Amino acid sequence: MMKVRFAPSPTGKIHIGNARTALFNALLAMGEGGAFVLRFDDTDRERSKQEYADAILEDVRWLGIEPDEIVYQSSRFELYDAAADQLRQAGLLYACYETPEELERQRKRRLARHLPPIYDRSGLKLTDEDHARFKEEGRTPHWRFLLPNHSGDPFAPKRTDVGWEDMMKGPQTVDLASLSDPVLIRGDGTYLYTLPSCVDDRDLGITHIVRGDDHVTNTAVQLEVMRALGAETLPIFGHHNFLQDKTGGSLSKRLGSLSIESLREEGFEPGAVASLATLIGTSLPVDPKATLSELGDVFTPDVVTRSAAKFDPEDLNNLNKKLLHAMSFETAKPRLEAKGISDGEAFWEAVKGNLTIFDDCLKWWDIIKGPIDAEMSEEDRAFVGEAKQ
RNA sequence: GGGGCGUUCGUCUAGUGGUUAGGACAUUCGUCUUUCCAACGGAAAACACGGGUUCGAUUCCCGUACGCCCCGCCA
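For the first sequence, position 41 (counting from the first letter as 1) is numbered 42 according to the numbering used here, and the numbering increases by one without interruption.
Treat the hints loosely; a few may be bogus.
Below, a list of computed lysine-lysine pairs in the DSS-like style, where the Cα atoms sit at most 25 Å apart [claimed, not checked]:
1) K322 to K247
2) K109 to K126
3) K311 to K323
4) K334 to K14
5) K334 to K323
Derived from the structure by calculation, the hints contain no laboratory data.
It should be emphasised that the depicted structure is a prediction, and the values quoted were computed from it without experimental measurement.
Working from the sequences, and respecting the hints, build out all of it.
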């Protein structure tokens, strides 16, 4: 059975770009009757907060995704410990004692010499005495995974292409010789996301992974970690393009107004947000769909294009407007009642298309809140007033 | 510095060695409607730049520019 996951780290609120990743996964699973796992990557105890996890769950549900399973990585450390031991025994996880400052210096030095800023594996050269001395000094190591980019001599790496068939980008290859051995465990003993992610994807039986294309090189590393852990079958990966703001900048930098939470509070329909998040950056027409299953009917991974797509929040207004226009009173009724409008059918019909003011009202409770009353004609004001009572 | 990916109407995109370069959103005009919205119909709007291959390049090749991503004890 197909099983997908959305794995945010609960260190903040999610925005429309994150929602896109969640939606792609959910829609993929939906088409195959698969399961959706919401996994909180909260191995960073400092920055992870339960309130963010709760907020993300609320956002995901608001978009129409009900997780079949919710997992916190913070409750699974024994599994990661076991995996780390397994790698250590296989000689694939080695201790290093460089400080972040030292590593930074080394990177700069290599860059200055026009060399790729890759870790030189000096940790592998440490003798037992070295380790004992560091231990005596009270220094704790961070641990790196030895990438299989050599034939026997780790100090003589050679081009090693790792490839996979990407659901969205087609055939991909990454040269492991162009990467540093990834740190799996920090000096303080906590895990970076790589190992837990691999362990969980295996143990939870994740079959398909869709995520942003900033992860393409990570995927090569993770495929190797999974192989080293003895995974019998590897997940199928898909990397989607990113959304940019109007100016071509990164979306995460202007999280505020585009967080799912604020869009919800502004009164946008979940269908409008989900439709835009899903359909922008694909070859599909950006048509509002009221439900996830309608989106699922048209979505397949191959419609996602390869380059970043500029995203204009204005489009949300139009989608929302269209959705409201098509919305029946039955569907709208609970929404109206929640706002304290008892006999709302006349009001709803008015909002849907019989009033001049509608053009200015992109969300129906703009009308109720009344800030635009001044722009209304006498007639319209009387009509709305009547409908509201 | 190295590597990867990318660049088609304002935006999201389709597509091709010879096409009127197609669609969607937005824009605009019109029809309908008492009016507005909606609906329907029409219009305007694009192949990043420079070389090369070719009878012919938006398409193939090389280069340039620009953008994004990766090369983190972030995810």
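The hints, checked one at a time:
1. K322 to K247: holds, 21 Å
2. K109 to K126: holds, 22 Å
3. K311 to K323: Status holds; Cα separation ~21 Å.
4. K334 to K14: Violated, at about 30 Å.
5. K334 to K323: holds, 18 Å
Of the numbered hints listed earlier, the single one contradicted by the structure is hint 4.
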